[in-house]
Amino acid sequence: MNLNSTESGITERPASRGRRSAARPDADAGQPPAISTSPLAAPMTPAGVATISHLTEKLAEYMTEADLKKVKEAYRFSDEMHLGQVRKSGEPYISHPIAVAEICADWKLDAQALMAALLHDVMEDQDVKKEELIERFGAPVAQLVDGLSKLEKIEFQSQIEAQAENFRKMLLAMASDVRVILIKLADRLHNMRTLDVMAPAKKQRIAKETMEVYVPIAHRLGLNNIYRELQDLSFSHLYPLRYHVLAKAVKAARGNRREVVGKILDSVKNTLGMAGIHAEVYGREKTLYGIYKKMRSKHLTFSQVLDVYGFRVVVDSFPNCYVALGTLHSLYKPMPGKFKDYIAIRKLNGYQSLHTTLIGPYGTPVEFQIRTQEMHRTAESGVAAHWLYKNSDANMSDMQQRTHAWLQSLLDIQQQTGDSAEFLEHVKVDLFPDSVYVFTPKSKIIAMPRGATPIDFAYAIHTGIGDHTVSVTINGEPAPLRAELRNGDIVEVVTDPNSRPSPSWLSFVRTGKARSAIRHHLRTINLPESIGLGRQLLQQALAGISISPDLPEPLVERLLNESSAKSMDELHADIGIGKRMAALVARHIFGLLGGESASVPIDHNSAADLDPVTIYGSEGVSVQLAPCCLPIPGDQIIGQLRRDQGLQVHTSDCSVARRQRQKEPDRWIAVKWGTELNRRFDSRIRLLINNEKGILARVAAEIGECDGNITFVGMDEDNDHVLHQLRFTIQVKDRVHLAGLLRNVRKVTGVNRVSRERG
1 MNLNSTESGI
11 TERPASRGRR
21 SAARPDADAG
31 QPPAISTSPL
41 AAPMTPAGVA
51 TISHLTEKLA
61 EYMTEADLKK
71 VKEAYRFSDE
81 MHLGQVRKSG
91 EPYISHPIAV
101 AEICADWKLD
111 AQALMAALLH
121 DVMEDQDVKK
131 EELIERFGAP
141 VAQLVDGLSK
151 LEKIEFQSQI
161 EAQAENFRKM
171 LLAMASDVRV
181 ILIKLADRLH
191 NMRTLDVMAP
201 AKKQRIAKET
211 MEVYVPIAHR
221 LGLNNIYREL
231 QDLSFSHLYP
241 LRYHVLAKAV
251 KAARGNRREV
261 VGKILDSVKN
271 TLGMAGIHAE
281 VYGREKTLYG
291 IYKKMRSKHL
301 TFSQVLDVYG
311 FRVVVDSFPN
321 CYVALGTLHS
331 LYKPMPGKFK
341 DYIAIRKLNG
351 YQSLHTTLIG
361 PYGTPVEFQI
371 RTQEMHRTAE
381 SGVAAHWLYK
391 NSDANMSDMQ
401 QRTHAWLQSL
411 LDIQQQTGDS
421 AEFLEHVKVD
431 LFPDSVYVFT
441 PKSKIIAMPR
451 GATPIDFAYA
461 IHTGIGDHTV
471 SVTINGEPAP
481 LRAELRNGDI
491 VEVVTDPNSR
501 PSPSWLSFVR
511 TGKARSAIRH
521 HLRTINLPES
531 IGLGRQLLQQ
541 ALAGISISPD
551 LPEPLVERLL
561 NESSAKSMDE
571 LHADIGIGKR
581 MAALVARHIF
591 GLLGGESASV
601 PIDHNSAADL
611 DPVTIYGSEG
621 VSVQLAPCCL
631 PIPGDQIIGQ
641 LRRDQGLQVH
651 TSDCSVARRQ
661 RQKEPDRWIA
671 VKWGTELNRR
681 FDSRIRLLIN
691 NEKGILARVA
701 AEIGECDGNI
711 TFVGMDEDND
721 HVLHQLRFTI
731 QVKDRVHLAG
741 LLRNVRKVTG
751 VNRVSRERG
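Each residue of the sequence shown is one higher than the last, beginning at 1 in UniProt numbering.
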């Protein structure tokens with residue numbers, strides 16, 4: 001995925017300007033899609049013509065003469081820098097910054113933001129230095145432009161790393177000033193509107209990136225106009241045939257349903273007027289992508305999607321929202337389960353409205369949204385309707401506080417994240433549009449992404465609470481830590497100062513904050529264990545290519561410089577947690593010693609030929625026993641190095657391990673059990689028993705007699721109600737102990753079959 005800050009046109013610049021003349025890789029220009037319903041859509045400027053007159057007309061409506069003069073100065077500088085640069089369509093390149101500034105002017109952004117919008121490509125395209133922008137336009141404008149510019153002077157190991165780092169730079173700039181992302185979204189919107197002239201492959205790549213990254217950000221910030229238009233534009237380029245077929249069907253349906261829509265509008269206006277409610281009522285057509293998404297998710301044909309049209313009722317006061325709701329329910333029958341109160345409990349991005357679906361004329365479901373003018377302004381413009389950077393914490397609205405908290409969480413994730421790709425992963429996880437709303441025991445509402453767990457909830461309150469969580473109750477009942485939270489749940493977390501995060505939590509947490517905090521803990525708190533394991537793995541890999549582990553000091557210094565590690569302990573720790581592969585580090589060392597590192601073969605099937613890593617089962621979280629097969633001493637075992645989770649040990653015949661080894665063979669190493677094991681190990685057994693009185697007690701007593709400790713009991717009933725399956729998790733010393741226990745349990749009266757469960 002390409003995360004460039006812009007996708008501008010391939011150009012030719014006059015060599016005499018002395019600016020960098022390398023062509024931009026992504027040129028976005030052309031004609032807008034056939035259908036565009038966004039109020040932000042602006043008429044295209046004819047090719048070869050670029051004028052600022054339309055922009056100045058917009059700015060004159062709300063900006064002082066002094067500020068307008070500064071914006072014009074920024075325009076003249078940008079025009080000079082982009083002189084001779086053209087887009088794919090043949091338009092002067094300056095038409096793009098002007099279009100971006102016009103979108104920002106629709107939000108009534110201030111002069112600094114408008115100046116940055118006009119200048120947003122000069123650092124990246126024309127090698128204008130930040131110091132020059134500071135001198136000409138001031139530090140705030142230069143800071144905004146810098147936040148929008150890519151990191152092109154730094155060499156990265158891969159294109160993916162470069163893209164992730166550029167995205168991280170932009171998001172962290174957004175955390176300090178939200179105008180950065182507003183300008184970026186305006187930039188992306190204009191690029192998407194003018195994408196038609198691009199090659200099909202490039203269209204697909206840019207549209208996919210927009211759908212995956214920028215659409216969720218627009219939704220998270222409440223910018224619903226941009227959110228909807230970016231969705232439709234991305235849809236039109238990702239699936240052009242589906243888009244045009246659906247657009248044609250909607251156009252036909254619009255004509256067929258005009259009479260129904262008119263009848264509903266008249267009825268609603270008359271009924272609200274008779275009730276004394278002053279309201280604006282208008283029809284609202286769902287976006288093409290919204291219709292397509294509903295057809296896909298519910299497996300419907302277009303003719304089965306009845307609520308293609310909806311209605312919006314904008315009233316003059318907060319109480320009249322609920323009065324209007326009651327009035328509409330008296331006019332048409334409401335559909336059960338289709339009412340949502342986003343006024344009492346607003347969405348995560350600050351959105352507020354009442355939603356209800358009614359059975360209209362001819363039995364057609366019709367969706368209504370009821371809100372005030374202020375709610376409508378926030379719903380359409382989100383954070384752009386409330387200037388976050390103009391307000392202190394004392395007078396921020398609830399919506400501003402939520403946005404501020406999310407932006408601050410980006411900084412928290414940044415501090416705990418090891419690299420750019422991981423940071424991007426955490427942030428994308430947090431951009432899910434759907435939310436659930438749960439309560440603390442003191443009735444405070446916490447918004448969480450759908451699918452969130454009590455661990456996510458604990459970290460949302462405070463990192464310290466998440467780190468020390470041991471158990472949780474949901475609605476007063478004990479619940480597993482991996483339980484999925486639902487709307488209205490009351491969640492209470494129980495902590496213990498001696499408790500620590502488990503690596504297994506990473507398999508079910510959903511929020512970026514929880515994931516980054518857990519990984520940060522695993523990297524730091526268990527550092528000595530990770531260092532020891534990494535050292536052992538590197539020594540094993542070096543022995544496999546006949547290199548002594550005692551490396552000379554000059555070689556160590558070169559190795560650290562080229563691997564960007566501060567010390568050998570840090571390098572060993574990275575190996576121990578799976579961030580680096582011991583075989584690749586060993587191959588690098590071979591190359592530094594004068595060999596051709598690329599020629600060193602890595603035989604993924606030779607792990608058994610090397611000295612195995614010794615496992616004692618008491619290493620802590622740096623070594624975990626796989627829950628799929630629960631290995632115990634005496635089993636043949638093999639180890640998997642999982643990224644940021646250390647070493648996971650499987651039995652050699654584990655089916656899960658077999659599948660994963662085919663996908664990532666280089667992450668598997670030989671391991672063996674130590675000789676002095678001073679702990680017990682979990683193992684699962686399954687029994688087929690007769691349904692008779694006292695059988696469970698007899699089996700449990702026999703397990704106890706065999707010195708086994710039961711930690712879990714489950715029962716599955718057969719259809720004939722005669723036989724039952726009992727499932728136990730028991731703690732044993734080793735495989736010999738388990739075999740003796742199974743022999744004795746098999747002799748219990750009523751037990752037909754007993755076996756160890758591996759799956």
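In case anyone wonders, no lab produced these hints; they're calculated from the structure.
Even for Gly, the Cβ is constructed at its ideal location relative to N, Cα and C.
Each hint should be verified, as a subset may be incorrect.
[Stated by the list, open to error] Quick list of in silico lysine-lysine cross-link-like pairs, DSS-like style, CA-CA up to 30 Å:
hint, residue 1, residue 2
1, K286, K248
2, K108, K69
3, K269, K202
4, K58, K88
[What the hints assert, rightly or not] Cβ pair distances, simulated, as ranges:
hint, residue 1, residue 2, range
5, R679, F339, 16 to 22 Å
6, E477, E692, 27 to 33 Å
7, P365, S443, 54 to 60 Å
8, E477, S443, 15 to 21 Å
9, P240, E57, 46 to 52 Å
10, T473, S655, 51 to 57 Å
11, R679, I345, 32 to 38 Å
12, E557, Q636, 39 to 45 Å
Against the structure, the hints come out as follows:
1. Between K286 and K248 the alpha-carbon distance is near 14 Å, which keeps this suggested pair within the 30 Å criterion.
2. Distance hint between K108 and K69 is fulfilled; the C-alpha atoms sit about 16 Å from each other, no more than 30 Å.
3. Taking the CA atoms of K269 and K202, the gap is about 48 Å. The hint is violated against a cut of 30 Å.
4. At roughly 27 Å between alpha-carbon atoms, K58 and K88 fall within 30 Å of each other, so this suggested pair holds.
5. The supplied range of 16 to 22 Å is broken by R679 and F339, whose beta-carbon atoms lie about 55 Å from each other.
6. The hinted range of 27 to 33 Å is satisfied by E477 and E692, whose Cβ atoms lie roughly 32 Å apart.
7. About 34 Å separates the C-beta atoms of P365 and S443, a value inconsistent with the hinted range of 54 to 60 Å.
8. At roughly 18 Å, the beta carbons of E477 and S443 sit within the given window of 15 to 21 Å.
9. Between P240 and E57 the beta carbon distance is about 35 Å. The supplied range of 46 to 52 Å is therefore violated.
10. Take T473 and S655: their Cβ atoms lie about 36 Å apart, and the range 51 to 57 Å is violated.
11. Checked against the hint of 32 to 38 Å, the C-beta distance between R679 and I345 comes to roughly 48 Å, which is inconsistent with it.
12. For the hinted restraint 39 to 45 Å between E557 and Q636, the CB-CB distance of approximately 41 Å keeps it satisfied.
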